[in-house]
Amino acid sequence: MKVAVTVNEPDSLAWLERRFARCAYYLIFDSLTKAWRAEANPAVEASSGAGTRAAQFLADHGVEAVISGEYGPKALRALNAAEIKPYSASAAPAEKLFEDLLAGELQEVESGGAARSSGRGA
Amino acid sequence: MTTIAVASGKGGTGKTTIATSLVLSAPELRPVFLDCDVEAPNAHLYLHPHFDKKFVVAIPVPQIDESACSSCGLCTQVCQYNAIAVLGGKVQVFPELCHGCGSCARQCPEGAIQEVDQPVGCVQTGTSPNGQRFGRGLLDIGQAMPVPVIRALKRWQGESSGRLVVRDSPPGTACPMVETLRGADYVLLVTEPTPFGLHDLKLALEVTRMLGLPAGVLVNRSGAGNPGMEEVCQEYGVPVLMRVPLRREFGEALARGLPLVEAFPEFRLRFRELLASILHQIKLERRASRSLEGSEPHDIGLDGDR
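So the sequences go chain by chain: S and A.
According to the numbering used here, the first sequence is numbered sequentially starting from 158.
According to the numbering used here, the second sequence is numbered sequentially starting from 167.
Mixed in with the good hints there might be a few duds.
[Unchecked claim] Below are the DSSO-like pairs computed for lysine-lysine, each with C-alpha atoms no more than 30 Å apart in a straight line:
(1) S/K253 to S/K242
(2) S/K242 to A/K256
(3) S/K242 to S/K191
(4) S/K242 to S/K159
(5) S/K159 to A/K256
(6) S/K253 to S/K159
Don't read these hints as lab results, they were simulated from the structure.
Just chain S, with the same shape it has in the complex (with noise of 0.2 Å):
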């Protein structure tokens, strides 16, 4: 399986960044090998939605979990239809968070979220 951590870094020490849709990289870790990469996020500067864009980007790579802090309702919908099971965490390095998740100690994400829609001006 593999596993997606929000973070800013290309680093799999780095923290946990707590907005799914606005982190600079996608660390993807697979649960066989313990192997990681870092993706760069193509929703990082979207002006507008970088929820679906970003759970576009996790469909494509084949991952089927992410961690992050918050997530906004139309993440959670395009993820729900992606079969990604979203995650929630606090603060940690990555590697811990995924280890974490491993072990069955993480919460998923029932509905809710941040955001409601954008802001004036979109």
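With chain S held as given, fit chain A onto it using these hints.
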């Protein structure tokens, strides 16, 4: 027809105060008032129009025929707004992100995308007791796309020969403000002498410059403090046309729903002078472009000022 857009950059500088007083000061120009601040229209509080017509504004959003779709993903690549995605082998549409540009439907190799209308707001029109034609756009709650509503409002107004049209712009310098300014003959920028007012005035002047529109500045709450206004106006080659001092009585009248020129009739003459000077500048601009293009004259003028 002559169209003046009243804009600001910074919010709360007094756009609506100035725009409503402008139309109230020149009844002989049979003014049309357009409240383009479709996310929070409020000019009706001062002009009290009776709305007698309403029409819905919709944008075309994609609808996927799943039996024809091959999940190729071309639609997701052409969408500039990330409103469409291929997830779990199926195309998902996020209509609240869609700008209705139609790229996905045009590009789909399978012809699997049909466009269906999604309402985003409405336009309401009517007449105020003072005789102005009045139109306003109203964006639906939860919608994030004001521009199509502003466009529909402008289309409703259409060509009004011999009339003065005043468009009250939303604050800021983003798409809704640009759409309000587009096609206008003149932009009156209302600002205030604060650091924030000055900063956003510069942004607004950049927009008018890019659109190639003549502009003038009205300094509201004059005397409130910050220097530097004249220098900025000089830098952009735009005149300071009028100053409205900072006075508690003005705020009190406005809070009671009284337009400035009605609460303080001595302002009427000053607004007529402001309008005369704007109309004169427009005439000069038109003369300059006529000598280039040879278009027909369509100037309007105040009584006793032609």
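Does the alpha-carbon distance linking S/K242 and S/K191 stay inside the 30 Å limit? With a Cα-Cα distance of about 19 Å, the restraint between S/K242 and S/K191 holds, given a limit of 30 Å.
Does the structure keep S/K159 and A/K256 at a Cα separation of 30 Å or less? The given pair, whose Cα atoms are some 21 Å apart, holds under the 30 Å limit.
Straight-line alpha-carbon gap S/K253 to S/K242, limit 30 Å: holds (18 Å)
Given the hint that S/K242 pairs with S/K159, test it: the Cα-Cα distance must not exceed 30 Å. OK: S/K242 and S/K159 at ~11 Å, within 30 Å.
Restraint check for S/K253 with S/K159, where alpha carbons must lie at most 30 Å apart: This hinted pair holds, its Cα atoms lying about 15 Å apart.
Does A/K256 lie within 30 Å of S/K242 when you go C-alpha to C-alpha? holds (17 Å)
In this structure, every one of the numbered hints holds.
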